Structure formats: C-alpha cells, structure tokens
Amino acid sequence: MDIATILSILDATIRLSTPLLLACLAGLYSERAGIFDIGLEGKMLAAAFAAGAVAAVTGSAWMGLLAGMAVSLGTALLQGVAAITLKGNQLIAGVAINMLAAGMTTFLGQTWFGQGGRTPPLNEGGRFSVITLPFASELSGVPIIGPIYADLISGHYLLVYIGFIMVAVTAYVLYRTRFGLRLRAVGENPKAVDTAGISVVALRYQAVIITGLLCGLAGAYFSIAQGSGFGNNMTAGKGYIALAALIFAKWKPVPAMFTCLLFGFLDALQIRLQSARLGGIEIPVQAIQALPYVLTVILLAGFIGKAVGPKAGGVPYTKER
Amino acid sequence: MSARRPIPRWADIALLPAINLILAFLVSGLVVLLVGENPFHAIQVIIYGAFGYGDGFGYTLYYATNFIFTGLAVAVAAHAGLFNIGGDGQAYVAGLGAIVVALALDQTHWLLAMPLAIIAAGAVGGFWAFIPGYLQAKRGSHVVITTIMFNFIAAALMVYMVNRVLKPATTMAPESATIAVPGRVPQLRQFFSFFGYSPVNLSIVIAIAALIGVYFLVWRTKFGYAMRVLGANPTASRYAGISNSKMIMITMTISGALAGMVAINEVMGVQNRLVLDFVAGAGFVGIAVALMGRNHPIGILLASLLFGALYQGGQELQFVIPGITREMIVVIQALVILFTGAMEGLFRPTLERAFMLYTPEHKTEAVAVSTAKTES
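Here the protein sequences line up with chains A and V, keeping their order. Residue numbering for the first sequence follows the working numbering, beginning at 511 and increasing consecutively. Residue numbering for the second sequence follows the working numbering, beginning at 28 and increasing consecutively.
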C-alpha cells in the first residue's frame with residue numbers, strides 16, 4: 511500500500527467518523543444525565559430527511575441544517591416528555607422514536623416528492639461544500655506534512671470540523687463547568703442533586719435538548735454534506751454504531767473521538783477492500799462490518815476493561831413526597 | 028388526593044390499551060389528513076384488504092403468525108424483567124437451523140422435516156439469545172445493548188452464510204437452494220380453497236400451540252412463577268432461593284427459540300428457501316405486539332391479528348390510494364409502542380383519578396382490601 515492509498519483511507523475515515531462522532535457526543539449528554547438513548551438513529555434519520563427536504567425546497571444548505579436540527583430537537587423533546595415527565599420506559603421510547611422516524615421519513619418523502627422516498631438531488635447552494643484550509647495548496651509540496659495537511663486535514667465539510675471541535679467543547683463542559691458537574695451528578699445520583707436544590711427535571715431536559723441539536727447536525731451531515739439529498743434509511747444503523755462507540759468509550763468525550771475514528775476506519779476499510787487476507791486466511795468483508803458490534807459486546811462483557819454506565823441511567827426520577 | 032389506587036383490572040388490560048390504540052390511530056389519521064388524503068377511506072381500505080376476501084385474510088394470518096412468535100418472545104423475556112430487543116436477529120439466524128434441516132430432509136416428508144426444523148431453528152435462535160442472557164447474568168452487560176449488537180452481528184453473519192456457504196454455484200441471487208416439495212410446510216389453501224393464493228401455512232398451528240404453551244409455562248409452572256418473581260423483584264427472588272442468573276439465561280434462550288419460529292413460517296412455509304432479510308422487521312413488531320397485548324397470550328393473539336391486518340391492509344392501501352405508502356403502518360406501529368410502552372403516564376393517572384371520583388370512597392377501600400388479600 512502506498513502513501514496515497516493510506517491517505518485516501520484515512521481521509522475516508524474522517525468523513526465516515528464524523529456523523530458517528532456527532533451522534534456519539536449527542537448520546538453522551540443524555541446518557542450522562544441518566545437517560546438511556548437508543549433513539550439516536552431515529553433522531554439522525556429524521557434530521558437527515560428534514561435537512562434534505564428543506565435544502566431541496568429552499569436551495570439553501572443553511573436552511574436545511576436549521577430544519578434538521580429543529581426536527582431532531584422536536585423528536586428529542588418528544589422522547590424527553592416520555593422519559594422525564596411521564597416517567598416512561600426510556601428504552602421503549604427509543605425504539606418507538608427509531609420506528610417513527612423510519613416510517614415517517616419514507617412516508618412523507620414518497621408523498622411529498624414521489625421519488626420512492628428520496629428527496630430531490632441538491633444543487634450547488636443546497637449542499638455544504640468542502641472547506642479548504644489556508645495554505646493547503648502552498649504546503650502540499652512539502653514532503654509528508656504537505657499531503658497530510660492538504661489531503662487529510664484540509665478539504666472537509668464544515669460539519670466535520672464542528673464535530674471535532676465539539677469533542678473539546680464537550681470535554682470542557684463536562685469536566686470544567688458547573689453545568690457539567692451537575693450533569694454528571696444527575697446521571698449518578700439524582701437524589702443528591704435534588705437535595706442540593708437543583709431541578710433534576712430541568713437538567714435532564716437541558717441534556718436532551720443538547721442531544722437533539724447534536725443529532726440534528728449528525729443527520730444533516732448525511733443528506734446535505736456527505737450526500738446530495740436524502741435517501742431511504744440513509745443513516746443505515748449508524749446511530750446504533752454511535753451508541754456502541756459511546757459505550758466503548760465508557761461515556762467519555764475524548765475516548766469517544768478515538769472510538770468513532772476506529773469504527774470509521776473499519777467502515778472505510780470494508781468499503782475499500784472487498785476481502786482482506788491475513789496470514790493466508792481470508793477475512794470476509796462481513797467480519798469487518800460486524801467488528802464494531804463484536805468489540806462493543808466484548809468490552810461490555812468486561813473481557814477487555816469494563817464499561818459501566820452512569821448509575822442512575824434508565825431510571826426515571828421520582829421526587830419523594 | 029393522597030394515596031393512588033390502582034385502576035380496576037379490566038381497565039388496565041382493556042381500556043388503557045384501547046385508549047392508547049385510539050390515540051395512535053388519531054395521530055396517524057392526522058398525518059393522513061396532513062398529506063391530503065381521507066383517513067376514513069384509508070381505514071375502509073385496510074379493513075377490506077385485511078378481512079374482506081380470502082386472499083387478504085390469509086395474508087393477515089400469515090403476518091400474524093410471525094408476530095405471535097416475536098410477540099411471545101418479547102413477552103416471555105418481559106415477564107422475567109428482561110427487554111429482548113433482538114428478536115429480529117434471533118429469528119434471522121434461526122433461518123440457518125431451519126434451512127439446514129429442511130434441505131437435508133426435503134426428499135422425505137414434511138411431517139419428519141418440520142419437527143426437526145423446529146428444534147433446529149429453536150436451538151439456533153435460542154443460542155443467539157442465550158449469549159446476551161449469559162453476558163447479562165454472568166458479566167453484567169445490559170441485555171438491551173447486547174441484543175441490539177447481536178441484531179447487527181446476525182445481519183453480517185447471514186449475508187456471509189447465504190452468499191458464501193448456502194448459495195448454490197448455479198444461482199446468481201443471494202439465496203439458498205430451494206426446498207423440494209415434500210419437505211415444505213403445507214399451505215392452508217391446500218385444505219381450504221378460501222385462502223386463495225395467500226401464503227398462510229400450518230406454521231400458524233405451531234403459533235397457536237406456542238401461545239398455549241407460553242400460558243402454561245408462565246402461569247402454571249414453578250419455572251414460570253420463578254420467572255415472574257424475578258421480573259417483579261430480583262432481590263426477593265434471590266432471597267427465595269431462585270438462581271437469578273440461571274433464570275435469566277434460560278428465559279432468554281426460550282425467548283430466542285420462540286423468535287426463531289419465524290424461520291419455520293418464512294423459510295419452510297413461504298419462501299421455500301433462505302433469502303436475505305426474510306424477517307423484515309417482525310422482531311420489532313413483536314415489541315409493539317407484546318406491549319399492546321400486555322404480555323398475555325390472549326392479548327398477544329389479538330394484537331398479532333391487529334398488526335397482521337395492518338400489514339396486509341397497508342399493502343392494499345398503497346395500491347388503492349397511491350398517496351399513502353405502506354410505511355404508514357410502521358408509523359402506526361411506532362405510535363402504538365410510544366403510547367402503550369413509553370407514554371403510559373399520559374392516561375394512567377387521569378384514569379386512576381376518574382375511577383376514584385366515580386366510585387364511592389368506602390367501596391374503593393373495600394376493593395383495595397379484597398384485591399390486596401387475593402394478591403397476597
């Protein structure tokens with residue numbers, strides 16, 4: 511494998527990791543606040559559809575992004591009402607959200623655009639274009655650093671950079687702010703937070719809102735950055751991989767980034783290679799596809815390290831009377 | 028208003044699900060209105076498509092067969108306090124067990140092949156649920172997350188198995204060899220011409236047997252009692268001398284085996300070969316069915332018929348009203364799950380209050396005391 515091939519695989523890794531990363535960070539806020547979120551997939555799918563549809567109608571990528579975030583936020587709040595206010599089963603709420611998004615996007619897509627659930631292809635303005643960082647072309651001649659800077663770091667969509675910036679932001683918010691401390695506390699011991707006079711309900715809603723907004727970014731990335739328009743079931747289970755990554759990263763922002771890069775790399779690899787050989791034994795491409803899930807199961811089982819989620823996760827908080 | 032009294036049993040098992048179902052239909056109806064179609068016409072089409080003629084009714088029963096199996100799978104796990112979200116994957120890999128037995132014995136007779144295929148499919152499906160059960164029981168990993176992961180692992184595994192192992196060299200399509208006629212599960216239309224060309228087959232008898240079997244297992248055996256104790260209070264069951272980890276593993280295996288029966292219906296009764304994605308989301312419908320049916324076999328039977336009718340009627344719908352695609356059914360299904368499973372808190376408190384208002388105070392006291400006595 512030459513340097514150009516390696517660079518192109520790594521470049522694809524970054525592109526494929528971004529939606530995982532955004533969704534993973536989205537899930538992090540919810541789950542750290544004590545709300546299990548298996549509805550990441552549904553929120554992303556709804557956002558991808560809304561972004562694709564609005565961008566196609568208005569011709570503006572920014573309007574699309576806004577619509578995607580709004581729809582994802584609305585979906586997150588619906589899930590929040592079920593999980594927080596009505597004290598319903600969070601897991602079932604997540605399943606319902608995923609199914610609702612899968613049904614609604616295809617149904618509305620077909621009814622509104624009549625193209626088998628797809629939204630019309632986007633023209634130039636309806637889609638985000640790649641950003642070339644300063645001095646990319648000037649530096650590309652420099653050996654090693656040049657191609658890495660010009661091909662790998664420069665030339666991605668805005669949402670890619672937002673995704674990676676969000677890692678730092680999340681780490682700061684979570685560990686260096688009052689809100690972050692309270693967020694972590696409410697996921698571990700909501701009663702203590704309540705006793706301290708802080709509203710558990712308000713905190714959890716704030717977390718769910720952030721989750722909704724970030725899922726909106728992740729979803730929009732599919733239809734108006736990476737792709738040009740929405741396609742049926744466009745997120746294709748990426749929300750579940752993001753969930754796996756979140757667990758794999760033990761609910762921490764920086765490890766989440768590395769896990770998403772790893773899972774993105776596996777994805778890039780399986781697209782590139784139809785099958786790989788390792789010491790004479792053929793590794794089927796399906797094995798690489800299944801690897802993120804297998805790794806997560808192994809980690810969850812505690813065979814390599816141990817993933818223990820927030821203690822109060824999944825339990826609705828009931829104030830004592 | 029001080030103490031909250033539980034609503035009467037009939038309201039809990041019939042009224043509440045009915046209200047939630049009506050709400051789900053109302054919201055879906057609004058969506059239909061929103062896209063400029065007539066929801067009442069849509070309901071008419073669905074009802075006619077599902078029950079109005081032999082073929083349609085046959086298809087309704089065929090879908091219901093799958094949903095009974097997956098609904099029971101979710102319900103059995105739920106009684107032990109486990110949420111098995113992996114019915115899809117368990118049913119999918121069970122196809123391997125079914126097809127191997129079916130292809131090996133397809134020259135003999137279905138009366139020999141079918142029972143062995145049931146065992147094989149049940150074993151494979153059960154195994155696929157046993158692993159998450161084991162990991163939950165012994166390693167403490169959450170069964171919901173592991174079963175989700177196992178759905179995806181199953182999908183990857185099956186693509187490999189169908190394309191690389193089961194596909195005969197002569198066929199292009201990703202599917203196994205076809206089961207010869209003697210090994211196929213007989214169609215009901217062979218006995219009743221009423222069913223036209225619909226694929227409803229004798230697997231429905233297995234489904235009914237499974238309903239009865241689950242009833243006896245859960246409510247009439249020591250094992251079922253232990254299961255329900257575990258579901259109600261794991262600490263109490265441990266103190267009662269029940270091995271929680273053993274119960275979790277066995278319950279998950281039974282749950283997976285039930286989901287695996289979908290493979291008998293699809294592989295041996297309908298497709299006559301193993302195709303990709305033959306489960307088609309039936310595992311997730313099972314969640315709606317179990318929630319709707321309150322984890323009870325009678326409820327599951329009714330809910331399966333309802334969803335069977337919706338799936339068949341939904342097919343019909345997109346032919347008659349081109350503005351509405353069958354994904355509308357997925358929306359209804361999602362809303363049912365949302366309202367009955369996650370948003371129960373929407374109506375239950377109101378109902379509780381309503382029942383307290385309309386019942387004289389001393390009478391509710393008496394009812395509360397008597398139910399407390401019978402339950403203890």
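Keep in mind the hints are simulated off the structure, nothing from the lab. All figures in this text were calculated on a predicted structure; none of them were measured in a lab. Just so you know, even glycine gets a beta-carbon here, dropped at the ideal spot from N, CA and C. Treat the hints with caution; some may be incorrect.
[What the hints assert, rightly or not] Each computed DSS-like pair below joins lysine-lysine, with the alpha-carbon atoms no more than 27 Å apart:
#1 LYS165(V) - LYS760(A)
#2 LYS760(A) - LYS701(A)
#3 LYS760(A) - LYS821(A)
#4 LYS249(V) - LYS821(A)
#5 LYS821(A) - LYS273(V)
#6 LYS165(V) - LYS762(A)
#7 LYS249(V) - LYS165(V)
#8 LYS821(A) - LYS762(A)
#9 LYS829(A) - LYS597(A)
#10 LYS701(A) - LYS821(A)
#11 LYS597(A) - LYS701(A)
#12 LYS165(V) - LYS194(V)
[Claimed, not checked] Derived coverage of chain V by chain A (criterion: at least 3 residues anywhere in the stretch with Cβ under 8 Å from a Cβ of chain A; other residues may be distant):
#13 100 to 111
#14 121 to 135
#15 181 to 192
#16 305 to 319
#17 344 to 355
Here is how each hint holds up against the structure:
With a CA separation close to 20 Å, the supplied pair LYS165(V) and LYS760(A) stays within the 27 Å bound. Distance check on the hinted pair: LYS760(A) and LYS701(A) sit about 23 Å apart at the alpha-carbon level, within 27 Å; holds. A distance of roughly 13 Å separates the Cα atoms of LYS760(A) and LYS821(A); the hinted pair therefore holds under the 27 Å criterion. Restraint check for LYS249(V) and LYS821(A): not satisfied, since their Cα atoms lie roughly 33 Å apart, outside the 27 Å limit.
The straight-line distance between the Cα atoms of LYS821(A) and LYS273(V) is roughly 24 Å, inside the 27 Å bound, and the hint therefore holds. Note on LYS165(V) and LYS762(A): the hinted pairing holds, with a Cα-Cα distance of about 25 Å set against a maximum of 27 Å. Only pairs whose Cα atoms come within 27 Å are accepted, and LYS249(V) paired with LYS165(V) is accepted, the gap being roughly 23 Å. With a CA separation close to 15 Å, the supplied pair LYS821(A) and LYS762(A) stays within the 27 Å bound.
The suggested pairing of LYS829(A) with LYS597(A) holds, with an alpha-carbon distance near 11 Å, which does not exceed 27 Å. This hinted pair checks out: LYS701(A) and LYS821(A) have alpha carbons roughly 12 Å apart, not beyond 27 Å. Simply put, LYS597(A) and LYS701(A) have alpha-carbon atoms about 15 Å apart, close enough for the 27 Å limit, and the pair holds. Restraint check: the Cα-Cα separation between LYS165(V) and LYS194(V) comes to about 37 Å, which exceeds 27 Å; the hinted pair is violated.
As drawn, the segment 100 to 111 of chain V meets chain A at 1 residues by the rule of a beta-carbon pair under 8 Å; below three, the given contact is violated. Chain A is given as covering the segment 121 to 135 of chain V, and this is violated because 0 residues of the stretch bring a CB closer than 8 Å to a CB of that chain, at least three being needed. With 5 residues having a Cβ less than 8 Å from any Cβ of chain A, the segment 181 to 192 of chain V passes the three-residue criterion, so the hint holds. Counting residues of the segment 305 to 319 of chain V whose CB falls under 8 Å from any CB of chain A gives 3; the rule of at least 3 is met.
Check on the segment 344 to 355 of chain V: 5 of its residues sit with their Cβ under 8 Å from a Cβ of chain A, so the three-residue criterion for coverage holds.
When each numbered hint is compared with the structure, violations occur for hints 4, 12, 13, 14.
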